[in-house]
Every structure is written in structure tokens, then in C-alpha cells.
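**Q** Spelled out, the chains give:
There are 2 protein chains.
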Amino acid sequence: MTQSADVLVVGGGLAGLTAARDLLAAGRSVLVLEARDRVGGRIVNQQIGDGKIVEMGGQWAGPGQDRLLALAGDLGIATFPTYDTGQKVLHFNGRRGSYGGTIPRINPLVLADIGRAQARLEALAKKVPLDAPWTADRAEEWDAQTFQAWARKHTASAGARMLLALGAEAVFAAEPADLSMLHVLFYSHSGGSFQRLIDTTGGAQQDRFVGGSALIAEQLAGRLGTDVVRLGAAVSAISVTGDKVTADTAAGQFDGKRIIVTAPPLLAGRISYSPALPADREQLTQRAPMGSVIKCQAVYSEPFWRAEGLCGQATGDGEGSRVVFDNSPPDGSPGVLLAFVEGDEARRLGRQDPRTRRLAVLDSLVRYFGPKAASPDGYYELDWQTERWSGGCYGTLFGPNVWTRYGPALTRPAGPIHWAGTETSPVWCGYMDGAIRSGERAAATVHAELG
Amino acid sequence: MTQSADVLVVGGGLAGLTAARDLLAAGRSVLVLEARDRVGGRIVNQQIGDGKIVEMGGQWAGPGQDRLLALAGDLGIATFPTYDTGQKVLHFNGRRGSYGGTIPRINPLVLADIGRAQARLEALAKKVPLDAPWTADRAEEWDAQTFQAWARKHTASAGARMLLALGAEAVFAAEPADLSMLHVLFYSHSGGSFQRLIDTTGGAQQDRFVGGSALIAEQLAGRLGTDVVRLGAAVSAISVTGDKVTADTAAGQFDGKRIIVTAPPLLAGRISYSPALPADREQLTQRAPMGSVIKCQAVYSEPFWRAEGLCGQATGDGEGSRVVFDNSPPDGSPGVLLAFVEGDEARRLGRQDPRTRRLAVLDSLVRYFGPKAASPDGYYELDWQTERWSGGCYGTLFGPNVWTRYGPALTRPAGPIHWAGTETSPVWCGYMDGAIRSGERAAATVHAELG
Chain F
522 MTQSADVLVV GGGLAGLTAA RDLLAAGRSV LVLEARDRVG GRIVNQQIGD
572 GKIVEMGGQW AGPGQDRLLA LAGDLGIATF PTYDTGQKVL HFNGRRGSYG
622 GTIPRINPLV LADIGRAQAR LEALAKKVPL DAPWTADRAE EWDAQTFQAW
672 ARKHTASAGA RMLLALGAEA VFAAEPADLS MLHVLFYSHS GGSFQRLIDT
722 TGGAQQDRFV GGSALIAEQL AGRLGTDVVR LGAAVSAISV TGDKVTADTA
772 AGQFDGKRII VTAPPLLAGR ISYSPALPAD REQLTQRAPM GSVIKCQAVY
822 SEPFWRAEGL CGQATGDGEG SRVVFDNSPP DGSPGVLLAF VEGDEARRLG
872 RQDPRTRRLA VLDSLVRYFG PKAASPDGYY ELDWQTERWS GGCYGTLFGP
922 NVWTRYGPAL TRPAGPIHWA GTETSPVWCG YMDGAIRSGE RAAATVHAEL
972 G
Chain D
522 MTQSADVLVV GGGLAGLTAA RDLLAAGRSV LVLEARDRVG GRIVNQQIGD
572 GKIVEMGGQW AGPGQDRLLA LAGDLGIATF PTYDTGQKVL HFNGRRGSYG
622 GTIPRINPLV LADIGRAQAR LEALAKKVPL DAPWTADRAE EWDAQTFQAW
672 ARKHTASAGA RMLLALGAEA VFAAEPADLS MLHVLFYSHS GGSFQRLIDT
722 TGGAQQDRFV GGSALIAEQL AGRLGTDVVR LGAAVSAISV TGDKVTADTA
772 AGQFDGKRII VTAPPLLAGR ISYSPALPAD REQLTQRAPM GSVIKCQAVY
822 SEPFWRAEGL CGQATGDGEG SRVVFDNSPP DGSPGVLLAF VEGDEARRLG
872 RQDPRTRRLA VLDSLVRYFG PKAASPDGYY ELDWQTERWS GGCYGTLFGP
922 NVWTRYGPAL TRPAGPIHWA GTETSPVWCG YMDGAIRSGE RAAATVHAEL
972 G
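Chains F and D, in that order, give the protein sequences.
For the first sequence, position 400 (counting from the first letter as 1) is numbered 921 according to the numbering used here, and the numbering increases by one without interruption.
For the second sequence, position 265 (counting from the first letter as 1) is numbered 786 according to the numbering used here, and the numbering increases by one without interruption.
To be clear, the hints were calculated from the coordinates, so they are not data collected in a lab.
Quantities reported herein were computed from a predicted structural model and do not represent experimental measurements.
One thing to keep in mind: the hints can contain errors.
Computed list of lysine-lysine pairs in DSS-like fashion (alpha-carbon distance at most 30 Å, straight line) [as the list claims (entries may be wrong)]:
# : chain 1 : residue 1 : chain 2 : residue 2
1 : D       : K778      : D       : K573
2 : F       : K648      : D       : K674
3 : D       : K648      : F       : K674
4 : D       : K674      : F       : K647
5 : D       : K648      : D       : K674
6 : F       : K674      : D       : K647
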């Protein structure tokens, strides 16, 4: 028994839910096919007791993320500022320090070195056309090298290279050698600037959502209803016959006139297509790995660091977590430290047992915040690397020679098959805001096609 | 109704068939689960009339490929030398020339430049331990850069860089910026040297098999029998429960005590695993794209180039095919030119219709061999980029930061799940010989484990 709708949507994250919303509003019938038993994709809440939550996936909103903020506003979900009052902690070369403002207290030669490299990066980023990065004048040159190779050439100090690596880890959950220089430039431009991607106040980590970011997906799905959003419906095959497209799923067969695949290219590539996809689309999906991150949250009875004049943000060059935020609920109770384990550390600790991982993370929190950090009341982790229906987080990484060789295949439809998801958004690519934009774009295109 | 055997083998290419042969010989029961309706994987024959064939996939044997030659010998399949008599053709910068021996007649400064770069590459390759490339002293440095970045640094002329690109295309079906320098060094060492990989006589293209390379797989499968080798049995899921491993396939369910997955990492990653694979294995499969090649064969009533003193081998820097061989049957009738379309050209022409592709390839053959090449009696092509059960050819490409971050996950078993396939072979990785070696290794390991 095959169920039918005008449009099938693969994936019940923000891209898919947004596309469904817009198509329904335009009078189309829609079915959203979601593999997991929940909506939200890479955003998910974790209950921590007393009705409080922490976010285990994407969580922040920042200036310029207009579509995300508009959607949350529509749904009546409020934002509150990420805790950003007090000094930041830095742990480099075995020494701990703290600083206010945005300029860390480190060797001024290293500061000047990283400043020059970043200024150069920001200037180059502006030259990458967001709709078609492969058309940048120097696209070939930038796409033929890793960000690491570029950094080696344009920095003088190991300290500056370490800071660039920390930036890559924080923004991409990857190391500089995982990334094409062209991808780094595109991604920075897509979010405004590299600085904006790493900033808290004024940047991509500025605000949080009361009740957690996952509320956005949950409430949007609630409005669509369970007739529209089908959970446990992992799509294994998509076949096109005549003017019909059919999806085989774990929850039965569905057909429609069009299908919008919102899964990241990696996972879209794991669906079996009949007829086969065009060569460039197939090979693109082979070259779209996901980032490496384990998101950890340590819960304390109170945010003890605040009383010590610290904002809870920390960074360092050691093992465990190298990027930490205060992730306490709006009322500051309980105190929560969000500890990212990213890039090489996610790979290394991903091979260890959970106890070893937890110890490594808490050891790093102790380095930043002292012995009180050693004994949280609660501890939660999510290793996105082993999540079957994400493949990793935060998003897709393009290594060398992908944008220039396969860029157009990211969004070019294959017959009635359309592609969405944050990876396809020129603006805020990789972010929740980009996911929403991509869903809106795909819905408009499909609606127009259906006439 | 689940069918059982001691060992399940995923994939009926040379790796899987070899593993099955060895396990059966050791007294184990085995089932080979092959997705296609034929065995052979990346080797396949094409009938061209009168009982003659051409090879549309892997086809050559060379010195040092002892396991391949031994298997063919066991099966009574003879070899014959690749036609290598006469001058080679070169078409560079709009000019055609021909030459004997191995040194092309080009600008001596370019020759000296490419000679220095290649000598350096060969020396570095020897320093890469084949069992663990990530342990090379300079592994971090080599794996942080593309082959392209290295070539830019270590050549003085655009001509030398073009020749390195042609080498990369011929050996990897990829461009220098697709490849980690560490991967290029490993791969060269794995086959002996880069020179050996590109040579005909004395190298990896020295000999062919009478009746075509696919005979090896077909005859080996014939010996195993249809009870053992199941066609049309694409594996969609592998689950481990207790001491049993179960495979869901298009031809029903199978279980065993162990399973050997011989599909390349990309395709192994498209199987759904329960429980999830270890993080590093999962993420490795995301970073293992396949090469880009369209293999084309133009059939003429006779090998007209031979009468003109040409061996049928050609290379050039233009559109269409940049690497051509005489691929006529042993008796020289009919005449066949094998035209590889590789790397960027495979990407570009893969987006065109078959007629445009054919014209582009024949145009290039005319550049090399004159107007007679324009009108073949027969023409065959196989675009491996759209082959669902290969994903591309010749093999897996590692870009930067894969070997050093994920190398051990290439072969480390995940419980009862073992990995084989040519990509897992330290010796002749990427070649038919490596596939056989990997099957032998996996069979021995599994047999020992079963006690």
C-alpha cells in the first residue's frame, strides 16, 4: 500500500520541516519522511532534571540569522543571551590565564602574526561568490590546497598556527588539513566573516533559545501534524518512473510528483537511486564527509565560575575539551559547562570507552576552572560521529578539489529529485539558519515547477 | 528463512572470491553475497563480436603481482604482452610528436625538471611503511598537503606539473589536488615505485590475460559454485547479536559467525550497521571517494597504427582521452584503441550525453593517430562514476588527513566484521593483485579466529 502526496520530503530537520510548511501553505500535499523517532536532525534537547534541558546539537542564534530568528518568533520561542559576563580562560603551553574583551593575553608577536593571517583570510573570503564559490578568480588555487598548507605559508609562528587550528576546530569540528582553503573562505563569507563565526556576543554564539533549540523543530512539526511528519521512515531507495517518484522506507512505500532530499550529501549518497544519479552528483556525495565532534555537558549545582568572575568560556591547546561555554539555563540553575571535543580529539577519544572520555573532558575542565569542575552532579555526552542519521557534526566538510569539481551538483536537481539542507545554503551554510533558508528555497522551486 | 554459513563474504570480486576459496579449502562453510548479477566487481569483459572481448575494468598484470599471476596460472588462464612495439605518440601544446623508449621528446628543461621531481618522489615513497603509512616520520607533513601543493613547490615548470598531473590521472583517475601527498607516496611504494605504476613493459601494464581479466573471477566463481556465490544479493544491513552476524540482502537474510566485507570503504559505509560502527570506521568510510574514469574502446577492422610504426600508446594534454593503449586481442584482430577519460575530463564528459562524449574521445584519437581513428566499427564505453556497486574506479582516493587520522580503521575488525578488498592491501593496493592478497589475509585471520 503506497501513500501519495504532491511532494515527499526526506528528513525532518529544520530544512525539511520548513519546506513542508511552505508547500502546505501553498496548497500542496506533503509527506515528511524522517529516519529517527524524533524530528530535529542535528538539533536535540537533553533533559537534565527539574524540567531543565541542555542542547546536545545545534543551539545558538546570532546576528544575521534572520530566518532562524523569524521562525522562532513565529513559534513564540524566546531567545536569551549566551552567558558572556566576566573573564575568559586560556590554557596554553601549560599555563593558565584569563582575559576580558576579545584579545587574549598571549605573546604579542603571536597576536600580531595571527592578526595578520586572519585579516588576510577575511579579505580573501569576501572575494568568494556565495552562489558559486567555484567561480572565484582564484578558486583553482585556493581549492588545490588545504587550510593547513595556507596557514603554514601565511603565519610565522607555531602559536598563530595553533590558534588557527583552534578556530578550525571550533567552527568546523575539523583540523586545518581536513579543509580546502576555498571551503574555509566560502564558509566564512557565508556567515559574514570568520570572526563572526567564532564570536559569542556579536557572533554566531550570541543567543540561545529558552527551552532549547530543539523546541523549534518540535513545535514546527507539531503544527504540521503526525499525518504529515512520519517518524521511523528511513528512506533506503528513491526511484523515478515516468512522472512519479517513489521512496522505499522503513515505514512503507511513498510516492509523489517531486521529492526534496534534505539529508546532508553524505547520507543522501547512501540512498539507492534508480536510475543512477548523474556522475557528478554521485561523486559529490562521496566527497562530503561530516565533522568530528563529541558534545559534552557537565552539570553542577551552581555556575561556580561566575562567582569567580569568569564567564565560563575557555580555550586551550591540551587534551580533552579545547572549547568550553557556560551552557546553564536562563535562570543560571543548575550550572552547566558545555565542553566540545572536536577534530583530532574527537577522533582520539571516540576510540576510547565513555569513562576514559569523561575523565579526559573533566581533566580539561579542571585545567580551566579548578578542582570544583572535577565532580559534576550530572554528565551527558553525544558522539555525533556514531549517529547513523547524521554521520557527524556540525556539518559537511569539503576538502580540496570538491567545490571546484562538484559544486554545481550540490543543488542542481536530478529530474524530480531536489536537494536541500543547510549544506546547500549560500547564506549561513552549516547553521540552523542556512537549513531554514534551504527549505524555503526548495519549497519555492518545487511549487513553481508543479505549476 | 535465514540461510547460514560459518562465514559470509560481501562482494564477489577477486577479494571475496579468494577469501571464499581459502575458507572452503580450510573446511569452513561460506556464502558470497554479490550485489550485481555477475561476479568480478571492477573487472568485466565486453563482447565485441566473433567471440572476441575487450576489458572494461581492471585488465593488466605486471612484475611483482605474484598472487594475481599465481591465481591465473591455477585457473589455466594465460597472459600475453600488452602491445608495446613501435613509437609512442605525444600531443602537447598543440603539437604532435612520437618517440621510442621511455623518454618523450620534449623540452629538455622540462625533462630535467620532471626527472628531479620524480626522483624526489620515488625516494620519499620508500620511506612510507606499507603496513602503517601513518607511522612514516614525515607522515603529518605529507598528509597535510595535496600532491598538487607538493608539485607546485618541487617543480619549476608548468610542463613538469602537467606531466605529474597526467601521471596522477593515469594512476589514480584523479587530479593532483584530489590526493594527499602521503597517499601518493604510499601507493607508489605499494606497487614498487611510481615509475612501475606508469610503465607498460616492466610495469603494471605489462601483460594482459587471454580471454580477458574477468575470466579469472568467472572461473574462480565457477569452481566455488552457485550454492556458494549468490548474485543479486546486495547487502543493505549487517547486524551483530551475540555471537551471530546477520546480513539483510536483496536476496533474503543470511547469518554466520563472521562476515568479511570486501566492498571498497565508500560502499561498505553505505551498509547500515547495528550496532553502529566505531566512530573512526564510520568516518573513514565518509572520506574514501572513488576515482573518476570512463573507459572507452574504439574497435577498427585492423590496428592500422601498427603498420605506421606506432605502438598505439599515446598521451597528451588536450580534451577527451589523455592516455591511450592498443587493446587489440592477442591475434591483433580487430584493432582496438583503449582510451581512458580520467579525472577532470571524466567529470566534465560525465555530464555530457554519450554522443558528445564519443565525439570528444574520437577527436582525441584523431589527434594522436590521424583521420582513420575517426570512424571505428564499434565503440564501447563504461562510465564507472555511475556504477552503483563500484562508485568509481580504479580505486579509493585518500585526500589529506585521512591516512593519518583513520588509517588503522581500514583493516581493524569491528567485532565479527572483517574488512578486505584491494584498498586494505599493503602490497599492490588498488590493483587486482592487492585484492587477492586482501582476500587471502582476511580468510587466514577469520579461519584462525574461528579456531
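**Q** Within 30 Å, alpha carbon to alpha carbon, are K778(D) and K573(D)?
**A** violated (43 Å)
**Q** Does K674(D) lie within 30 Å of K648(D) when you go C-alpha to C-alpha?
**A** Roughly 20 Å between the alpha carbons, so the hint for K648(D) and K674(D) holds.
**Q** Need the status of pair K648(D), K674(F): alpha-carbon distance at most 30 Å?
**A** holds (25 Å)
**Q** Given the hint that K648(F) pairs with K674(D), does the C-alpha gap stay at or below 30 Å?
**A** holds (25 Å)
**Q** When you check the alpha-carbon spacing of K674(D) and K647(F), does it fall within 30 Å?
**A** Status holds; Cα separation ~27 Å.
**Q** Quick one, are K674(F) and K647(D) close enough, alpha carbons at most 30 Å?
**A** holds (27 Å)
Checked against the numbered hints above, the structure violates only hint 1.
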